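S.K.: One-letter residues, chain by chain:
Number of protein chains: 2
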Amino acid sequence: MVKTLLEVFNEVKYPVVGHGKRNVQVLKDTFDHLSGDIDSDIYGTGKVIEDFQAKIAAYLGKPSAVFFPSGTMAQQIALRQWCDEKGSRKVAYHPLCHLEIHEQDGLRELHHLEPVLLADKDRLITLEDVRQMDDDVACLLLELPQREIGGQLPAFEELEAIAAYCRDKGIKLHLDGARLYEILPYYGKSAAEVCSLFDSVYVSFYKGIGGIAGAILAGEEAFTKQSKIWKRRHGGDLISLYPYIINADQAFDERLSKMEHYYEAAVELAEMYNNCGGLTTRPVVPVSNMFHVHADMPKETFEKVLIDVYEETGIGLTGNVREAGQGSYYEVSLGDRYEGIPKDLLKQAFVRLQAKMNDK
Amino acid sequence: MVKTLLEVFNEVKYPVVGHGKRNVQVLKDTFDHLSGDIDSDIYGTGKVIEDFQAKIAAYLGKPSAVFFPSGTMAQQIALRQWCDEKGSRKVAYHPLCHLEIHEQDGLRELHHLEPVLLADKDRLITLEDVRQMDDDVACLLLELPQREIGGQLPAFEELEAIAAYCRDKGIKLHLDGARLYEILPYYGKSAAEVCSLFDSVYVSFYKGIGGIAGAILAGEEAFTKQSKIWKRRHGGDLISLYPYIINADQAFDERLSKMEHYYEAAVELAEMYNNCGGLTTRPVVPVSNMFHVHADMPKETFEKVLIDVYEETGIGLTGNVREAGQGSYYEVSLGDRYEGIPKDLLKQAFVRLQAKMNDK
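So the sequences go chain by chain: A and B.
If you read the first sequence in the working numbering, its first letter stands for residue 497, the second for the next number, and so on.
If you read the second sequence in the working numbering, its first letter stands for residue 497, the second for the next number, and so on.
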C-alpha cells in the first residue's frame, strides 16, 4: 500500500517543523524528576494553580489570570462577559478567527452572541475596518499573529491606533494571543507592552511553548473573578488541572527565551522556499515562527513531490498539505527541531525539491 | 494558632476515608512504568482515547461512548441534546441534583433549559413524582445513588417502573452515574443491566474509581456523535486528554473489583457510628460506599470533639463538617484506605468519640 504524506513524514530522520512528537514522553519528562508530594489543585484553588496564574499575570502585565483547559473556553467566556457588561450581543473579529471556523459555532449556540466579521478573508483587519464598525459592538477580538493567513501582523503603530479608537468608543479590545510569545521578537516589545493595549488577553501553552494543553485568560480582577464562574458553567473547573499546569509552567520556562531563535529560523527557511520556483511563502518575510507555503500545483501532485524529497533526503517539511483554489498550501511552525537539522542536508532537500517541482 | 479540623485530619496516621492523597504521586504511579512512545490523542481521535471509549461503552452495555474532561460538561450536553430532539426546554431532576447546586446555573445560562424539580430535598424521587410530571419534559435525570442525601437508592423494581413509564411517555431517561460502580454490589446487577434502563449514561473516574479527573457519556451512536460537536463548543475537545484517560483506564482496572469491599466497609463503619449516642447515619444501612454522619450538636462543637479524637488515636474520620439546621453533618466515602486501618484502633476511636460526645 502506498504511504500517505503524513506516514512518510512521521518516519523521516529530520522533521523540520515543531518541537517534537506529541506523546507520553512529554508528560514523563515533566513529572519524572518531580516530588510526588506536590498537592493537586482542587477546583481552581491551591498553590499549584494559584502560583502559575500569578506568574503569567505578571508576565502579561495584568492584575489577574485564570488557567483554563482550552482557549476555546477562555475566549468564548471573555467575549460573553464583555457583551453582558455592555448589554450588547455583538462582537467583532476576523472572518478566519478561531471562534468562527474551529469551534462548531459555540459562540452562537451557547452564548447567543452575534459576530460581526471585519476585513476580507485574505488580509488583516485595519484601522479603517475598525472605524467602520458599529459602536454597539461590545468587543473587538484581534488575533496576533493572524494564523490562517500565514501569521501576519499589523504594524505596532496601527495596533496602538486601533486600541486608542476602541478605548474612545467604549469598545473592549480582546487579544487572541495563542501565539503571543512568538511575535515579541519581531515587535521588539515585551508581552506586557503588547497586552497593555488590550482589556483581556488569552494565551496558549501548546503552540510555541510546546506544552500538553491549557490556556490563560488575563485581565482586571473583577473580570477574571467572573470568568471562574463561567469556567464552572462550561464544565472546565476540573477537580485537577495540574497535569497541564505543571507541564505548561516548565515548558514556559524552557522555551520563552527561544522565541527569537524560532523566529529567525522561520525567516531563514522562508527564504529557502521563496528561492524555489513554484513556491511562495505568506508572508514573504515571516514576523513570527510561522508562515504558509503556497504551491501552484494540486494537493496530490505536491504531496508526491514532497514524499520523494523526504525519501531521498530524510528531511521532512510537513505532514499535511491542504487545497487552496487551483493550488495547495501548508502551514509551517518552527520550534526546537530546527536547530538539529544539518544545514547541508536541508539545502540539498531544497535542491531536490526544486528539481522535482520542475519535473511536474 | 489553633489547627483546623482539616489540618489535623491531613496529619493523622490513619485517615479512614478515601483512597489516598490527591497529589502528583497519583500521576507518577500511572506513567512511571509506561513507554514514552505512546502517542497522544489529538482532538478526540487516536488509539488512546478511542480504545478507552470502546472499553467503557462495552462495560456500560451501550453502543458508543465519549470521554469528557468533566461530568458537568457531559451532563449539560446530554440534557441539551434530548431537549433539542424533542423541541422542549424542560428537563426534570432532584432539587439537590449536581446541575442545580454545583454548576453555577450553567444549564440555564448556557443552554437556556428549564429544570423541573421533582420530590422534596430530603427524599428520593419516586414513581409517583414521575407520574405527576408534565409530558413535555424532554428528559428525566436520575442520580444513583442520590449523593446529597447520603447516597440513597430506589428499589431496583421502582427504577424499572420509572423507566417503563418514561419510555411509554416518550421522556428520555438519563443516568447521573457519577457513583454507578459503587451501587452495583447492593443492587446485585451489572453496570449494563442498570444502564439498559437509561437512554444516556454519565460515569465519573475520580470518585470510587479514584482517577485524576474525567468522565464518559454513553448512549446510541447518533447521540454520542452529536455530543462531540457540543464538546467542541464547550471548549472540552482538548488537543490532549491522555493524562486523564490513561490514568482513568488504570484506576478502572485496579478498583472496579474492589467496589464490594468499599460497600461492605461502609456498612461496617455506619454501624459503628449508629452505636455512638448522638450520631446517626443516613442512610442507616448504606447501599454504596458512602453515607452521611449527622450529629445533634453545632459544627464548631463537633469539630472540637473530632480533633480531640484524632489527636488521641491517630484515626481521622473526616476533614470537613458542615452545618445542618441546629446540628451538623459530614459525608463519608470509603475507598482503599479503610482496609489498612487497624480495627482495634478504630474501635478505640469510637469509644473515645462516644466519651467526648457525652462530655458536651
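In case anyone wonders, no lab produced these hints; they're calculated from the structure.
These numbers were taken from a predicted model, which means no experiment stands behind them.
Hints should not be assumed to be uniformly reliable.
As the list claims (entries may be wrong) - Each pair of labels, with its calculated beta carbon distance range:
1) A:D631 x B:R627: 23 to 33 Å
2) A:E716 x B:H608: 23 to 33 Å
3) A:K551 x B:A688: 16 to 26 Å
4) B:G532 x A:V498: 46 to 56 Å
5) B:G557 x A:K856: 21 to 31 Å
6) B:Y539 x A:E764: 47 to 57 Å
7) B:D630 x A:D631: 40 to 50 Å
8) A:T541 x B:V780: 41 to 51 Å
9) A:K551 x B:L530: 28 to 38 Å
10) B:I597 x A:D547: 39 to 49 Å
11) A:L502 x B:R627: 24 to 34 Å
To be verified - Far from chain A, some chain B residues (derived; all Cβ distances over 10 Å):
12) K517
13) D601
14) Q628
15) D733
16) R833
Ideal placement from N, C-alpha and C gives every residue a C-beta, glycine not left out.
S.K.: Does each hint fit the structure? Answer for all of them.
M.R.: Hint-by-hint comparison with the structure:
About 55 Å separates the C-beta atoms of A:D631 and B:R627, a value inconsistent with the hinted range of 23 to 33 Å. Separation of A:E716 from B:H608 is about 28 Å and conforms to the stated range, judged on CB atoms against 23 to 33 Å. One distance hint, 16 to 26 Å for the beta-carbon pair A:K551 and B:A688, is violated here, with the actual separation near 47 Å. The beta-carbon spacing between B:G532 and A:V498, approximately 30 Å, falls outside the hinted interval of 46 to 56 Å.
A hinted range of 21 to 31 Å for the beta carbons of B:G557 and A:K856 is inconsistent with their spacing of about 54 Å. The hinted window of 47 to 57 Å between B:Y539 and A:E764 is violated, with their beta carbons roughly 31 Å apart. B:D630 and A:D631 have their C-beta atoms about 44 Å apart, which keeps the hinted 40 to 50 Å range intact. Checked against the hint of 41 to 51 Å, the C-beta distance between A:T541 and B:V780 comes to roughly 34 Å, which is inconsistent with it.
Take A:K551 and B:L530: their Cβ atoms lie about 29 Å apart, and the range 28 to 38 Å holds. Between B:I597 and A:D547 the Cβ separation comes to about 30 Å, which falls outside the hinted range of 39 to 49 Å. Against the hinted window of 24 to 34 Å, the Cβ-Cβ separation of A:L502 and B:R627 comes to about 56 Å, which falls outside the hint. A beta-carbon of chain A is positioned within 10 Å of the beta-carbon of B:K517; the least distance is around 7 Å.
Not every Cβ of chain A is farther than 10 Å from the Cβ of B:D601; the closest lies at roughly 7 Å, contradicting the non-interface assignment. Residue-level check passed: B:Q628 sits 30 Å from the nearest beta carbon of chain A, beyond 10 Å. Taking the minimum C-beta to C-beta distance to chain A, about 7 Å, the non-interface status of B:D733 is violated against the 10 Å cut. The Cβ of B:R833 lies farther than 10 Å from every Cβ of chain A, with a closest approach of about 17 Å, so its non-interface assignment holds.
The structure fails hints 1, 3, 4, 5, 6, 8, 10, 11, 12, 13 and 15 (numbered hints given earlier, in ascending order).
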